[in-house]
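The listed protein sequences correspond, in order, to chains V and P. Positions 1 to 293 (UniProt numbering) are the ones given, in order, by the first sequence. Positions 1 to 372 (UniProt numbering) are the ones given, in order, by the second sequence.
Calculated from the structure, these hints are not laboratory results. These numbers were taken from a predicted model, which means no experiment stands behind them. Certain hints may be false.
To be verified - Computed from the model, here is a short list of chain V residues facing chain P with C-beta under 8 Å:
(1) Y92
(2) L107
(3) A226
(4) L280
(5) P282
What the hints assert, rightly or not - One side of the interface only, derived from the structure: several residues of chain V facing chain P at Cβ under 7 Å:
(6) L36
(7) T110
(8) V114
(9) I268
Note that beta-carbon positions come from the ideal geometry of N, C-alpha and C, so glycine has one too.
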Amino acid sequence: MLESILSILITGAMISALYALIAIGFTMIFGVGGVLNLAHGALIMAGAYVFMALNRDIVAEAIALPSIVVFPLAVAIVAGLSYGLYVGLVRYIEDNAVITFLATVVLATTVTEVAIGIFGDQPYSYTVISGTVGLAGTAVSYNDLAGFVVSWIAIGLLWYYITKTDGGRSILAASMSERGARLTGVDLHSVRTRTWLIAGSLAGVAGIFLGGGQAATPLMWLNPLALAFIIVVIGGIGSIKGSIVAAYLIGYTETLTVSVLGQSFRGILSLVILLVVLFLLPQGLYGREYVHE
Amino acid sequence: MSEELQRSGAVRSTVRRTIIGPSGRVAARVLAPIDETLQPLADRFNRLFGPYVGDVTGLQLAALLVSLVALVVAPTWAPLLAGNYMRTLTLACIWAIFAMGWDIQSGYTGYISFGHSVLSAAAGYTTALLVVTVSPDLGFVVTIPLSILAAVIVGLLIGLPSLRLSGPYFSLVTFVAVLLFYRLTIGFSETLGGENGFQAVEVFTWDFTMRYYYMLVPMLVVAVVLTVVARSNVGMVLVAIRENEQAVSAAGLNPTTFKLWSFVLSSITMGIGGVLLAHFGGNVDPATFVVVDRSIEMIAMAVIGGMSSILGPIGGAFLFVLLRDEVLRLWFGHSTRWIVLWLLVLLVLVFARDGLFRWIWHALGSIGGDHE
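Modelling step: build the complete structure from the supplied sequences, incorporating the hints.
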């Protein structure tokens, strides 16, 4: 009994850490630009596939770099893709919320087809760090453990950046009041660019570890995106703190459901929680009212 | 804004000046006489039906009649083309119903739903469950109304909680509804058939021509009914909700009631489409009905055709399905075809936000002269 509780605690923490990364990126983009980026899941998928392609020699014979080199490279590439997404598409349509919605979701489906076209529709498995370690009687893979550690390092860095540096504080300011930020001399364009870079790198990190834990598949963007939705709505759209809290709430709920009810019920309880939260607190735990400007 | 934005604007206006403008003028010169000759006919149409479905100009009426005749006599021309056009057109009719169903809710009220595949799935699954678990010989008189009712019930289940929310929250929740429904089909695979679904639904007919009319007639009926509704006061309130919800409540109307009605109307339409789709191929499974791609496809159809109109989604659905199943299939491999299709949709989204068919419709209308 005690052992299974411990096991749930540990597995839940591992997966929740990645959920938090996914949700933070998603919520930051909404907080700053008012853009719901439905292509966020595609960035997560890109993280997994880029890492896999550079790390394993099945895709290109010549390339099989060690994880330690590939990891930062893959994160940088995904951050670049995220930046490209903003500059190449979202910037032209962000004034219209509906079009942004539709365009990003269409982009995500396109990316699925691109992944199928290049890699075929079978899953590719890989690990960031192979091997497992026994932790209080639970076997935890180094991949998940590394994901947990990197997630908290990333969150720590983000917190430091947002609260202690001018560049970060301007992001915070822009997310509170765009007009206020502009009046105090914040360059909104640069704020948005940085937000997309940050969100992209967080998505990249999450994607790499998610793919390492399960496998890279062409449809792997959908579940993380759904999770990001659920977490962000529960935590309150635009709130980083809310995202972290809700990510752990959902991560633990999922782990609990899977270990009690079985794999096929994964996610159903989270969706029920979502509905309950929406009924009681329509703006989420730490959210503020969505103001359509 | 930045330089690039200005530059793209300049490119766009150059294209408009040098290509679209002159060719438009040429087209107008050619088409104007036709418009004039047909105007008396259009005037009669407007006197009879104008109050219900809106006024048309001569050319618009001509376009309507030509497409209607082309659709009705499709069995005579479709076999002449390479490919299985009868099947594709039949599917396009079903998808046009879906696109209209999505549009009467999302397009008109501006509350974008990603959950509409669930509504058609509710109808499809009800049909399948009735046939499989209750009795195979219930007959269409029982199964079809019950299935549509199921779509309405599920629609209310989704609509009631989610319509309390505004803007992006609503869309997120409807998106989640699709995933919930999908998970349920997997989680309760003994009752809901799991990944494979049901194959037991009776097919209306395997005869290509008859099957086409089985789908075309309901589509035309739905289109007329929805046009009348959209042109009525209800439709006006729905558009008003999209433009300014506060103004609607300030006028003493409860926006939520109207949003719910639009959801119910849309559920009925989705139910009809779901029943037709179930009887089209005889199988009801998550890949055909539930998965989020189906929702995205109907949204794409409505948007490339032109949101918040009825003709737009129909045109969009036919264009989308014809491109997907015939034109692009001829030229590209399986996944390349989808990439090309989605990129085309993306282009329409960015460069022709109001939709292609809406644009054509207004262009035809403006040739007549004093309109717009």
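Now the hints, each set against the structure:
| no. | hint | verdict |
| --- | --- | --- |
| 1 | Y92 | 6 Å, holds |
| 2 | L107 | 7 Å, holds |
| 3 | A226 | 5 Å, holds |
| 4 | L280 | 11 Å, violated |
| 5 | P282 | 6 Å, holds |
| 6 | L36 | 5 Å, holds |
| 7 | T110 | 4 Å, holds |
| 8 | V114 | 6 Å, holds |
| 9 | I268 | 5 Å, holds |
Checked against the numbered hints given earlier, this structure breaks only hint 4.
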